[in-house]
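Asker: Letter by letter, the chains look like this.
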Amino acid sequence: MLEESFVATMLLTFKLAGVTTFLLLLIGVPLGYFLAFSKSRFKPVYEAIVSMPLVLPPSVLGFYMLVFFSPQNSFGMWLEERFDLRLVFSFEGLVVASIIFSLPFMVHPIQSGFSSLPRNLIDAAYTLGKSRVNTLWHVLLPNIRASVLTGVVISFAHTVGEFGVVLMMGGNIAGETRVASIAIYDEVEALNYALANRYALTLFLISFVILLFVYAINKHFLRAKV
Amino acid sequence: MSCELTLQKELRGAEGAIALDIATPLKSGELTVLFGKSGAGKSTILKMIAGLMEPECGKIVIEGETWFDSEKKINLPPQKRKVGFVFQDYALFPNMSVRKNLEYALDGKNDKKIEEILELTELTNLTNEMPQTLSGGQRQRVALARALVREPKILLLDEPLSALDYAMRGKLQDELLRIRRHLGLTTILVSHDIAEVYKLSNHVLELEQGKIVKSASASEIFGGSSLSGKFKFSAEVLHIAQSDIVYIVTLLVGQDVVKIVANKSEIEGLQAGDRVILSSKAFNPLLVRV
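Protein chains in written order, with the numbering used here: chain A, 1 to 226; chain B, 1001 to 1290.
To be clear, the hints were calculated from the coordinates, so they are not data collected in a lab.
Note that the coordinates shown come from a computational prediction; the quantities given were computed from them, not determined experimentally.
Just so you know, even glycine gets a beta-carbon here, dropped at the ideal spot from N, CA and C.
Some hints here could point you the wrong way.
Said to hold, decoys possible - Here are the simulated distance ranges between beta carbons: (1) A:PHE34 with B:ALA1241: 54 to 62 angstroms; (2) B:GLY1136 with A:PRO57: 49 to 57 angstroms; (3) B:ILE1074 with A:SER115: 39 to 47 angstroms.
Based on the sequences and whatever the hints tell you, model everything.
Answerer: What follows is the structure in structure tokens.
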């Protein structure tokens, strides 16, 4: 019984981190591209918005998302009526919250990767008749692999370790929103130190192994860089 | 087939704003050099022809095709202009091998065409190398091969040899001559190097502050037609020192430092860094085998 809830919690934690990271990658590449190459006057505004989660206490972010997505309010109500989607105290809600919370961790490495590439690479591809998308896919992304990998890993690790936003948005529903970091807090409150330690140690080891894996790959990746 | 350039744009450079304003025909099949100080607008002109930068107004006609015409609101994107652009830093794609760089340019495989260009640029032995393992001269040749493989209507060379050492430069100039003779391609070359201009150009446009100040052949521009010397070298003044009633001028001719004696009228207004023509008339040259 105990074993089962432990496994379920760990699986949920990594499912959340995996789904979040995947969606963040889809959002982060175009957003990073836009921020790196935009000449808009409002670019500092966009950059500030993307970076907000870095400085805001997670509880502030969680609180506003809770209020915003609550079915008591118009947007939350619209989501529920239109899509049958309730984001508060649900797994989907955790994904949305994690995406917003980890956004800068994905976007920043990708943006600086794009910015560090010589402008002439893009111009060269254009003069060879390549479209913007083709250039992005065949020239730019392969040359910022290390940056993309960094973004993926940090976003993943950050989502695994997040606490405040999850607690505010998701609460502590076993099998739905109870992730490992919440479970640790929960078990400590119940003075169940042994189980808390198991969660903590597992997170510790898995995080270490992921990072080790990434640095090992990155060494190989970096060699092929510019 | 005709080529025509009329370009106007306000440029903001390191030394304040200059107004780029040029209008010139280009001879089809010839190599035209854009010569002038940095910041005179030379690279900008290449970028405008390639469509990487938009002139405020003007007209770009290459081999009878209108690529840009502000009056008729024609502005082809760079992808639709058939240019071969060789960048100063080569801009090879670091994630692709030499062959892949060419294949990518060609939208897939055309082995015959690629082999032909690789052979022409003497790169056959390096097809599977990655750009970062190549020397400067090899990279330059890959960049040229990549620019040529799509059979462009015009070849644009932005100081392609400036990062190379002297010997390699000479070798690649010969190659460029040979390849151009083979393909007969209309070419614009941006260059600082007078020796290079002499060697490669059919025609020279000298630019100053965004305007064409001279349009002539290399020997007319640099030759100093008032001189009728037997030997003529372009040189750079390194140092001027007075020695009794004469002056000793130290000059850089090519890669060699030479000292000559000059009188007061010759050195008037000269200072270190100036470009001069060093010529000699009636004297008996000695040839010694080295």
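Asker: Indicate, hint by hint, whether the structure satisfies it.
Answerer: Now for the hints, and whether the structure bears them out:
1. A:PHE34 with B:ALA1241: 54 to 62 angstroms: holds, 59 angstroms
2. B:GLY1136 with A:PRO57: 49 to 57 angstroms: holds, 53 angstroms
3. B:ILE1074 with A:SER115: 39 to 47 angstroms: violated, 33 angstroms
When the structure is compared with the earlier hints, a violation turns up for hint 3 alone.
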